[in-house]
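S.K.: This is what each chain is made of:
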Amino acid sequence: MDDVLELTVAEALRRIEDGELTAGEYFDAYAEAAGGDELGAYLWTANPGPTATPPPPESETRRRRAGDSLRGAPLAVKDIFCTEGIETTAGSRILEGYRPPYTATAVRKLADAGARLLGKTNMDEFAMGSSTENSGYGPVLNPWDRERVPGGSSGGSAAAVAGRVAPWAIGTDTGGSIRQPASLCGIVGLKPTYGAVSHYGMIAFASSLDQCGPLTRDVTDAALLLRAAEGRDACDSTSVGIDGGVELPSREDLDGLRFGVPRELSAEAEGIEAGVSEIFERTLGKIRELGGEVDECELPHAAHGLSAYYVLAPAEASANLARYDGVRYGLRADADADLIAMYERTRAAGFGAEVKRRIMLGTYALSSGYYEAYYGRAQRVRTKIADDFRAAFERFDYLVTPTSPTVAFKIGERTADPLAMYMSDFCTVPMSLAGIPAISIPAGLAEPDGGGAGLPVGFQIAAPAFDESGLLDAAHALERAIDFDTRPPGVRP
Amino acid sequence: MISEEECREAAELALDQLPLWVREKIGNVAVIVEDSHPRHLMGIYDPVGGVQRIVIFRDTHPNAAEVRKTVLHEIGHYFGMGEEQLQARTKMFCGCELSFGDRPNTHTCPVCLAHPGVLPVINEQAVRYALQIALALESEVAPRSIFHRKNYFYPDNPKGYQISQYDIPLARGGWLGDVRIHRVHLEEDAAKLTHVGESGRIHGSATSLVDFNRGGTPLVEIVTEPDLRDPAEAREWAQLLRTTVKQLGVSDVNMEEGSLRCDANVSVRRAGAEQLGTKTELKNMNSFRFLERGIAAELERQTALLEAGGQVEQETFHFDPRTASLTPLRSKEYAHDYRYFPEPDLVPLAPTEEMLRHAREALPELPAERRERYEAELGLPEVTARQLAFDAQLGDFFERALAVADGVEPGVLANWVAGELSAAQRHFGPDGREVDPAHLVAVARMVVEKRITHASGREVLHTLIDPGSSVGDPEEIVKARQLAAVSDASELEAIVERAIEAEPAAAEKVKAGNPKAIGPIVGAVMRETNGRADGGEVMRLIREQLGLD
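If you read the protein sequences in the order shown, they are chains G and C. Quick note on numbering: our numbering labels position 364 of the first sequence as 365, and the sequence is numbered without any gaps. Quick note on numbering: our numbering labels position 256 of the second sequence as 268, and the sequence is numbered without any gaps.
Note that these hints are calculated values from the structure, not bench results. Bear in mind that the values here come from a model prediction, so they are computed numbers and not experimental data. Hints may be right or wrong, so weigh each one.
Computed footprint of chain C on chain G; a stretch qualifies when at least three of its residues, placed anywhere within it, have a C-beta under 8 angstroms from a C-beta of chain C [said to hold, decoys possible]:
| id | region |
| --- | --- |
| 1 | 97–107 |
| 2 | 120–126 |
A few chain G residues that don't get close to chain C, going by computed Cβ distances all over 12 angstroms [said to hold, decoys possible]:
| id | residue |
| --- | --- |
| 3 | Glu18 |
| 4 | Gly36 |
| 5 | Thr52 |
| 6 | Ser70 |
| 7 | Ala207 |
| 8 | Leu285 |
| 9 | Glu297 |
| 10 | Arg324 |
| 11 | Gly327 |
| 12 | Glu355 |
| 13 | Gly377 |
| 14 | Pro465 |
We put the CB at the ideal spot given by N, CA and C, even for glycine.
Could you build the full structure based on these sequences and the hints that come with them?
M.R.: Written out as structure tokens, the structure reads:
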């Protein structure tokens with residue numbers, strides 16, 4: 002028998018169904034692996050053994066309804082999702098020791114479908130970052146090269162899945178936080194349409210952009226996970242679910258599908274590494290081989306996406322993070338001080354530098370006298386970008402770009418230069434602003450600029466809103482043709 | 013006709029949504045759905061004798077909303093309360109029940125405590141209530157209104173922002189009385205802070221305690237145009253607003269409990285000046301009296317300031333009712349840039365046609381309309397019409413009395429209700445017994461028919477209200493207390509004769525042309541009859557016997 006840790010979840014479930022593997026063995030194998038994690042991917046892990054608490058009777062009915070589809074499969078959860086009674090910090094010291102009184106809808110739905118919580122994964126503080134170096138609890142190492150970052154902000158989830166200490170994971174993507182780390186770690190990462198999965202219990206960074214999605218070893222697992230997590234939630238007014246649900250992908254060709262290549266996010270984009278470009282071009286060739294049409298297209302306002310994003314996301318964050326004030330939960334510094342001093346000292350001690358930077362940016366952008374010039378204008382850019390995509394989707398079924406302009410960079414390489422760090426999301430932010438689904442699949446290995454061993458390169462496919470099933474189908478066909486080996490050299494047997 | 017399954021679901025949902033105290037009382041109730049009832053009943057709830065069950069007859073229910081109504085009606089009927097009172101009132105963005113005076117922090121949840129990751133969900137019932145208020149004020153409801161975040165740090169504001177409406181409110185424009193409405197919007201209340209320590213304010217207090225029970229209570233903010241001209245007018249208008257909202261049944265509108273709060277913007281200008289002066293804002297006026305006094309004090313302050321050549325600064329004052337003084341709020345507390353921006357966690361609020369229709373249908377007759385009708389159709393004098401129309405309780409009693417008046421003039425009933433009943437109710441306070449409108453009509457009729465005097469009528473009414481007296485109907489009281497008027501003409505004539513004999517000096521003075529001197533003679537008659545003689549008739553007989561007519 003192969004190593005259990007090398008199975009995709011779909012394969013493992015098939016073995017459990019066939020009696021070749023028990024759910025307990027499957028979970029315990031991962032619980033032990035996660036407990037021995039050397040990547041810094043986890044902030045908390047479950048113990049091996051049977052579940053301490055049997056699932057409540059309510060979830061039994063739900064499980065039956067969902068076909069008992071996930072059969073106890075271990076699930077790594079980004080520490081941004083609230084889990085009742087289990088410490089949830091969003092990577093921030095300000096929430097150290099915080100045990101939520103409730104569980105996020107996405108996590109609960111996955112548990113109801115049979116998934117079992119394996120661990121909470123490390124992340125950039127409040128999902129602000131592209132390298133997971135902004136965690137209040139230490140960095141995460143890229144399993145392909147431990148001197149490099151796994152990307153971020155869902156870096157813990159991506160590293161855990163790639164590093165064989167989780168079979169799959171959920172993360173959140175605000176401007177690229179699922180897709181970019183998936184790209185840097187050589188796995189699949191899907192940001193669904195805004196509103197596909199409930200936000201309830203997902204600690205907010207930028208509410209109008211945040212979206213929960215899967216990080217998996219292949220496209221089928223991404224579909225399997227999304228299928229269980231999506232849906233309208235009475236606790237989230239912005240949630241709508243995916244009409245008709247999610248089909249598991251089966252497509253093996255791309256016959257008749259039209260793929261647009263936005264110039265602004267590929268050839269004309271600044272800072273795309275040569276190796277990344279090469280893999281991207283090679284993948285376009287694969288699309289053609291599979292029968293797809295590839296043509297250049299325009300997203301005239303996409304290049305302004307990053308600027309708009311860095312006004313809108315911090316603006317929302319400045320309000321979302323106001324609740325961490327030391328009054329009700331989490332860190333409280335200097336309880337004897339007067340109110341204002343207590344606020345100031347608590348937030349000064351609890352937040353890291355990047356979070357403070359964004360709170361200041363956002364507060365400034367919303368200030369009276371500046372609102373129109375920054376927030377108002379950024380909103381208009383956002384509308385234009387959404388219009389650009391709508392226009393492009395009249396000609397094309399899918400749009401494709403490199404996921405990240407570069408392969409994984411060295412730890413510490415960009416920490417002193419926030420703008421360089423922000424550029425990591427250049428190709429992923431426009432889809433977030435438009436609210437449309439996009440997936441990153443590993444397309445090959447490329448040498449970083451300056452040389453070295455090959456590192457994973459992600460290929461991004463974006464689709465019209467709520468066309469997750471079509472997107473997953475196309476990604477599945479392409480994934481087969483690429484036939485990428487997701488095992489990093491360090492964990493190869 | 014609704015399907016059986018839908019009907020059952022709707023009934024179960026309605027039962028689930030009853031307030032906690034009702035659910036505790038009724039326990040588990042089985043829902044039985046039947047096709048029809050021979051007498052076309054809608055539902056039956058009879059918990060006495062046997063299993064707790066509610067029967068709903070499908071044929072009289074076209075949809076789920078009607079089933080819900082029947083459930084509330086039947087349960088409400090059993091508890092002797094309106095359907096409205098059974099609707100659990102919950103917070104603006106979560107499911108916590110509203111409360112007043114309960115143990116602190118017992119009506120809270122992750123949402124209203126602003127735990128990480130929670131999201132607000134708009135309370136549809138609150139929107140329905142707010143729509144009723146907007147429509148009662150003839151305000152124009154926006155097809156889509158938007159919630160914003162109003163950002164500020166304070167311990168009573170757990171999210172660090174209040175969700176409120178900003179540039180696109182629920183409704184704009186409108187009237188109440190002769191005051192124009194500027195806008196009506198929805199927002200959430202802050203939590204309650206108690207500052208322990210000398211100052212009673214956060215600065216200088218030893219400890220501050222936060223009670224989140226109140227946090228998140230739905231608030232409807234109504235802003236008027238600057239149409240009120242003096243403190244008394246402001247007070248009167250606020251009372252009209254209170255009565256109007258009370259009539260809608262959407263709030264207790266109780267100033268002491270804070271379910272009605274009032275801030276006043278005050279400015280003065282020179283006579284004849286077009287432009288309004290710089291305004292100041294007064295907060296914390298938690299009674300109508302304080303509202304009037306606060307505005308008066310501020311007008312005085314501004315006038316003195318301007319007359320001394322000074323200028324009014326735009327600032328906010330806290331009104332201290334104990335000393336009637338105005339203290340400026342420290343600018344640190346109130347000089348805010350609220351950094352409003354659209355609340356990304358909510359979708360725009362777009363009331364459906366059905367919601368608007370419901371709100372319109374639920375509108376009762378409002379005080380201003382009622383006053384007009386009383387004056388125009390019933391011919392009541394303005395003062396009485398206003399009194400009855402602006403006091404919903406009195407007005408409703410008057411309406412019920414009118415319905416059983418059976419020939420007694422509305423004007424007569426109005427005087428009894430606005431005068432004697434209202435005075436007697438004040439006298440006995442909350443302990444007083446409820447009066448049956450038919451009983452009041454009976455009293456008024458006996459007085460009109462001169463079977464008892466007005467004073468006796470008042471006595472009967474007091475007996476009806478007096479919690480210490482044994483209950484009876486007016487006829488019984490008249491009999492028991494021997495209040496029947498002396499109506500036998502010959503008997504009264506004899507009594508008058510004896511009274512004139514007993515007061516010869518007074519009789520002489522009256523005859524000599526001093527009509528005021530008649531008092532002692534009338535007094536003697538009343539003493540003898542125990543006040544049961546009709547005053548007018550007594551006067552007539554005295555004058556007749558003295559040979560004056």
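S.K.: Taking the closest pair, is the beta carbon of G/Leu285 still more than 12 angstroms from chain C?
M.R.: holds (36 angstroms)
S.K.: Find the nearest Cβ of chain C to the Cβ of G/Gly327 and say whether that gap is larger than 12 angstroms.
M.R.: violated (10 angstroms)
S.K.: With d taken as the least Cβ-Cβ distance between G/Ala207 and chain C, does d exceed 12 angstroms?
M.R.: Answer for G/Ala207: violated, closest chain C Cβ roughly 8 angstroms.
S.K.: Is the nearest CB of chain C more than 12 angstroms from the CB of G/Thr52?
M.R.: holds (23 angstroms)
S.K.: Is the nearest Cβ of chain C still more than 12 angstroms from the Cβ of G/Glu18?
M.R.: The claim stands: G/Glu18 keeps its Cβ more than 12 angstroms from every Cβ of chain C (closest is about 34 angstroms).
S.K.: In terms of Cβ atoms, is chain C entirely out of 12 angstroms range of G/Pro465?
M.R.: Fine: 21 angstroms to the nearest Cβ keeps G/Pro465 off the interface.
S.K.: Taking beta carbons only, do three or more residues of the region 97–107 of chain G come closer than 8 angstroms to chain C?
M.R.: holds (count 5)
S.K.: Classify the label on G/Glu355 as holds or violated, using whether its beta-carbon is more than 12 angstroms from each beta-carbon of chain C.
M.R.: holds (18 angstroms)
S.K.: Does G/Gly377 sit more than 12 angstroms from chain C, CB to CB?
M.R.: violated (10 angstroms)
S.K.: Evaluate the condition: distance from the CB of G/Ser70 to the nearest CB of chain C exceeds 12 angstroms.
M.R.: With a cut-off of 12 angstroms, G/Ser70 remains clear of chain C, as the shortest Cβ separation is near 25 angstroms.
S.K.: Over 12 angstroms to the closest beta carbon of chain C is the bar; see if G/Arg324 clears it.
M.R.: Check fails; 5 angstroms does not lie beyond 12 angstroms.
S.K.: Between the region 120–126 of chain G and chain C, see if three or more residues pass the 8 angstroms beta-carbon test, and mark the coverage as holds or violated.
M.R.: violated (count 0)
The structure shown violates the earlier hints numbered 2, 7, 10, 11 and 13.
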